[in-house]
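Peer 1: If you read the sequences in order, they're chains F and P.
Letter by letter, the first sequence follows residues 3 to 262 of our numbering.
Letter by letter, the second sequence follows residues 618 to 898 of our numbering.
Be aware that a few hints might be false.
[To be verified] Calculated lysine to any residue pairs in the SDA-like style (CA-CA distance at most 25 Å, straight line): (1) P:Lys772 to F:Gly129; (2) P:Lys837 to F:Arg126; (3) P:Lys772 to F:Phe91; (4) P:Lys792 to F:Phe89; (5) P:Lys772 to F:Tyr156; (6) P:Lys772 to F:Leu90.
Source of the hints: derived by calculation from the structure; they are not laboratory data.
In this text, all values refer to a predicted model and were calculated from it rather than measured experimentally.
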Amino acid sequence: MSETDAPLLLAEGLTKYYGRQLGCREVSFALYEGEVLAVVGESGSGKTTLLQLLSTQLAPSAGRVRYRLRDGVTRDLAELSEAERRFLFRTDWGYVHQDAALGLRMNVSAGANVGERLMAVGWRHYGRIRGTATQWLDRVEIDPERIDDPPLTYSGGMRQRLQIARNLVTQPRLVFMDEPTGGLDVSVQARLLDLLRGLVTELGLAAVIVTHDLAVARLLSHRIMVMKGGEVIEHGLTDQVLDDPREPYSQLLVSSILPA
Amino acid sequence: MNAPAYNFAYLDEQTKRMIRRAILKAIAIPGYQVPFASREMPMPYGWGTGGVQVTASILGPDDVLKVIDQGSDDTTNAVSIRKFFAKTAGVQTTTRTAEASIIQTRHRIPETPLTEEQILVFQVPIPEPLRFLEPRETETRRMHALADYGLMHVKLYEDIARHGHIATTYAYPVKVDGRYVMDPSPTPKFDNPKMDDCAALQLFGAGREKRIYAIPPHTKVVSLDFEDHPFEPSRTPKSCALCGADDTYLDEVVTDDKGGRLFVCSDSDYCEDRRGAERSP
Numbered sequence: 003m004s005e006t007d008a009p010l011l012l013a014e015g016l017t018k019y020y021g022r023q024l025g026c027r028e029v030s031f032a033l034y035e036g037e038v039l040a041v042v043g044e045s046g047s048g049k050t051t052l053l054q055l056l057s058t059q060l061a062p063s064a065g066r067v068r069y070r071l072r073d074g075v076t077r078d079l080a081e082l083s084e085a086e087r088r089f090l091f092r093t094d095w096g097y098v099h100q101d102a103a104l105g106l107r108m109n110v111s112a113g114a115n116v117g118e119r120l121m122a123v124g125w126r127h128y129g130r131i132r133g134t135a136t137q138w139l140d141r142v143e144i145d146p147e148r149i150d151d152p153p154l155t156y157s158g159g160m161r162q163r164l165q166i167a168r169n170l171v172t173q174p175r176l177v178f179m180d181e182p183t184g185g186l187d188v189s190v191q192a193r194l195l196d197l198l199r200g201l202v203t204e205l206g207l208a209a210v211i212v213t214h215d216l217a218v219a220r221l222l223s224h225r226i227m228v229m230k231g232g233e234v235i236e237h238g239l240t241d242q243v244l245d246d247p248r249e250p251y252s253q254l255l256v257s258s259i260l261p262a
Numbered sequence: 618m619n620a621p622a623y624n625f626a627y628l629d630e631q632t633k634r635m636i637r638r639a640i641l642k643a644i645a646i647p648g649y650q651v652p653f654a655s656r657e658m659p660m661p662y663g664w665g666t667g668g669v670q671v672t673a674s675i676l677g678p679d680d681v682l683k684v685i686d687q688g689s690d691d692t693t694n695a696v697s698i699r700k701f702f703a704k705t706a707g708v709q710t711t712t713r714t715a716e717a718s719i720i721q722t723r724h725r726i727p728e729t730p731l732t733e734e735q736i737l738v739f740q741v742p743i744p745e746p747l748r749f750l751e752p753r754e755t756e757t758r759r760m761h762a763l764a765d766y767g768l769m770h771v772k773l774y775e776d777i778a779r780h781g782h783i784a785t786t787y788a789y790p791v792k793v794d795g796r797y798v799m800d801p802s803p804t805p806k807f808d809n810p811k812m813d814d815c816a817a818l819q820l821f822g823a824g825r826e827k828r829i830y831a832i833p834p835h836t837k838v839v840s841l842d843f844e845d846h847p848f849e850p851s852r853t854p855k856s857c858a859l860c861g862a863d864d865t866y867l868d869e870v871v872t873d874d875k876g877g878r879l880f881v882c883s884d885s886d887y888c889e890d891r892r893g894a895e896r897s898p
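Generate the whole structure from the sequences, applying the supplied hints.
Peer 2: Written out as structure tokens, the structure is:
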């Protein structure tokens, strides 16, 4: 197996208990470069727990996550030092929160929000940082005129797009998204999804998207995992799972979408 | 009263030992904020309780103490701290920079270059340079530990985006010895270059925040900036109305209610020296 054929992210038997409460159990999968995986399921099914385990924000009770770093070496994320993990987080990874206020600095300008990662990895040229930020605002369809406005003055949809720009500016290889379209109205959602789909293909991003919205999964993902009660009950190609669900729960989930 | 009830320099010996240990650690790790068990002092927080404790711990009977507030020897804060040590330690005090062995300061670094025989003690209100960017103490400590200082530049970026230049004029962040980012206390950034490769030992005490940090003699101190917006020490582009100096840091003095203004050296000792005037005792 050549180096680039190796999976980017490997989850092996991930289990998380909150005390006696189960978060998720025995989740294993491999994610390859440029691949988008959607994790769907109802509230409380362990989707967000899984995302936090994958992104090392939570320590698993059992199992491990391995990641192929830019130097080609696949390492257990729990073995990385905190400095290495932070570096990974601001260069090779992105994390898009459902609530943009968690992922942005609401009181500093949009330009600084986008530029923060660049400054963190050592960019020290104001003009170049600003230039790159302007390009990215343009790319996520935010008027570059508003580069000096803080996200507090932005609408919900703009905040979400700004958050995406902030995450993608260091050209990560893997992006985690937690309900990226949650809380947005339908037309704004459509625009955001369109933008995301464009960026994911253009940049060849790998992504793990947690969502309860099957339309989001269908539009963005290649593969889909259905979770229920902390376990993965079905796993397969997106259209296969959505058009021909095997498990009764998946069938219920798919059939509960209102017909368009 | 000659204060026989007080120990030398007010603090008891055990407290001084504790503070000296913190100071030694601070010197060993330039720019690192060392926690210490700050004591109540007979003055309110914000009046230099940190600086006073550092001075009290390093003061010896043969020391000559100078205290300045905004560069001046004769403002309330400076006078009362000088009197405090004259009374509790009986040490000799002076207003002349060159004669002093310990100089406690709020804000300014004297214009006269300091020597290896001298120690400069700063009174620090807020020691954490990341405080207004990151409110969690646990997180700022971690950021220092990992040298994760990107956020500091976010602040400077914001300055340029809003004002067209780095508008921070005091408490301008510096990197000490290529490692720790440090708040030089509210000194004007005009004084930042004086910290670099300074011959004197520089000690910083924050009483309310319970932190001590230090810059050992001849340590590299670099003011943070951008390649295309380099650090510039700023001063009012005027000359002193009393001594005519055009390279010192100036204070603006309002002289009447008709818009009259006067610019004078903020370092009163330096100004008097230049004028060769009768010296105040």
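Peer 1: With reference to the structure, classify each hint as holding or not holding.
Peer 2: Here is what the structure says about each hint:
A hinted pair counts as satisfied when its Cα atoms are at most 25 Å apart, and Lys772 (chain P) with Gly129 (chain F) qualifies at roughly 15 Å. Only pairs whose Cα atoms come within 25 Å are accepted, and Lys837 (chain P) paired with Arg126 (chain F) is accepted, the gap being roughly 19 Å. Using a Cα cut-off of 25 Å, the hinted pair Lys772 (chain P) and Phe91 (chain F) holds, with the two alpha carbons roughly 21 Å apart. Our distance criterion of 25 Å between C-alpha atoms is met by Lys792 (chain P) and Phe89 (chain F), whose separation comes to about 20 Å.
For a cut-off of 25 Å, the pair hint linking Lys772 (chain P) to Tyr156 (chain F) stands: about 20 Å separates their Cα positions. Proximity of Lys772 (chain P) to Leu90 (chain F) is assessed by CA-CA distance (about 23 Å); at most 25 Å being required, the pair is judged to hold.
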